[in-house]
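**Student:** Sequence:
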Amino acid sequence: MRDLPIGLHLGFREANVMLDRTRAADAAGLDMVWSTVGGPAPDPFVVFGRAADETTIGFGTSIVPTYPRHPIVMASQALALEQLAPGRLRLGIGPSHRPVIEGMFGLGFERPLAHLREYLGILRALLHEGAVDVAGEQLTARARIGPPAPVPILIAALRPRAYRIAGELADGAISWMSPLPFLRDQAAPAIAAGAEAAGRDRPPLVAHVPVVVSEDRAAVRAAAAQQFGNYQRLPFYRQMMLDAGLEDAPGKVFTDTMADALIVSGDENAVADRVRALPGFGVDELLADIVDTGDAAARDRARTLELLGALAQAD
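Residue numbers (the working numbering): 35 to 349.
Check the hints yourself; a few may be wrong.
Label pairs and their calculated CB-CB ranges [unchecked claim]:
no.: 1; residue 1: Gly142; residue 2: Arg178; range: 26 to 34 Å
no.: 2; residue 1: Ala252; residue 2: Glu144; range: 42 to 50 Å
no.: 3; residue 1: Ala295; residue 2: Glu340; range: 22 to 30 Å
no.: 4; residue 1: Pro184; residue 2: Ala252; range: 25 to 33 Å
no.: 5; residue 1: Leu276; residue 2: Asn50; range: 37 to 45 Å
no.: 6; residue 1: Pro269; residue 2: Ala304; range: 31 to 39 Å
no.: 7; residue 1: Asp307; residue 2: Gly170; range: 45 to 53 Å
no.: 8; residue 1: Ala295; residue 2: Gly328; range: 33 to 41 Å
no.: 9; residue 1: Arg178; residue 2: Asn303; range: 53 to 61 Å
no.: 10; residue 1: Asn50; residue 2: Val107; range: 50 to 58 Å
no.: 11; residue 1: Glu340; residue 2: Arg176; range: 48 to 56 Å
Think of the hints as simulated: they come from the structure by calculation, not from any bench.
Glycine included, C-beta positions come from ideal geometry on N, C-alpha and C.
Full structure from sequences and hints, please.
**Tutor:** Rendered as structure tokens:
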């Protein structure tokens, strides 16, 4: 689908598995592979560097948490990969969540959107201009890193304010666990409003969506509850689901209704139809996260990757 680029999230796996999945996605004809940076997973910048010589696929981070990594360090890593694989990196960043930043890293999580705006300005100056000299409210950065490297910088977004910042300052927004009506009715208009206010073209909305080709609805629902149920307990995600019309559940349970709304699943025809419908919800690009369905995971992953590759190559 030339009007809807399709990428694959590599998952939180060992580095050799991430590398194998990168090769498989490239062979299938997908446009991008994406990976999350931070926490217990191997650093994908290393995997991407290893894969650069043997693939032609694009590389994306979705996302790099900003608080633990100073923008000068971030720019240095991005610059190295850009030099190894020119034009193939898209850098997704975001503040992450309080439980991660405070609980895992032991860092403060104050005014995350103000922090993101400041971080984005410093990172853009470093990558797109080659130098920065800023003493801000939360960050100080004085460095010159060499020739500019115009790596696209996208930001993670959950609520309309973040999407508006993406439209105003970033090269795209990346959603996660977002009901499609929310993307259509709130996210896409906020991006457009931010871009209009800044006098620039609207950047793309990349929808990070759990996907799996499987006719076993019970297995998909069970996998969704196990793998994604915690998001219903996080206030921002919970409010987003409510805003999209999904009813709350006692005890903050991840319900079958939520699973059906958030997971793109079914046979090949059903999944293809839902993927083709994404542009109608304001989505410019699909970042597919293949759901692990347990005993049938290997078969379902192979079917899903084959279908996504066919869709990516279709006119």
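**Student:** Using the C-beta atoms of Pro184 and Ala252, is the stated range 25 to 33 Å upheld?
**Tutor:** violated, 47 Å
**Student:** Does the hinted range 50 to 58 Å hold for Asn50 and Val107 at CB?
**Tutor:** violated, 25 Å
**Student:** Honestly, do Ala295 and Glu340 meet the 22 to 30 Å range at C-beta?
**Tutor:** Between Ala295 and Glu340, where Cβ atoms are some 25 Å apart, the hint holds.
**Student:** Pro269 and Ala304, beta-carbon distance inside 31 to 39 Å?
**Tutor:** holds, 32 Å
**Student:** Falls inside 45 to 53 Å, the C-beta gap from Asp307 to Gly170?
**Tutor:** Holds, since Asp307 and Gly170 (Cβ atoms, about 47 Å apart) stay within the stated range.
**Student:** Within 53 to 61 Å or not, the Cβ separation of Arg178 and Asn303?
**Tutor:** holds, 54 Å
**Student:** Using the beta carbons of Ala295 and Gly328, state whether their distance is inside 33 to 41 Å or not.
**Tutor:** violated, 21 Å
**Student:** Take a look at whether the Cβ-Cβ distance between Ala252 and Glu144 falls inside 42 to 50 Å.
**Tutor:** About 43 Å separates the Cβ atoms of Ala252 and Glu144, which means 42 to 50 Å holds.
**Student:** Starting from the hint 37 to 45 Å, judge whether the C-beta atoms of Leu276 and Asn50 obey it.
**Tutor:** Once the Cβ atoms are compared, 41 Å apart, the range 37 to 45 Å for Asn50 and Leu276 holds.
**Student:** Between the beta carbons of Gly142 and Arg178, is the distance compatible with 26 to 34 Å?
**Tutor:** holds, 28 Å
**Student:** Regarding Glu340 and Arg176, is the given constraint of 48 to 56 Å on their beta-carbon distance met?
**Tutor:** holds, 50 Å
The structure fails hints 4, 8, 10 (numbered hints given earlier, in ascending order).
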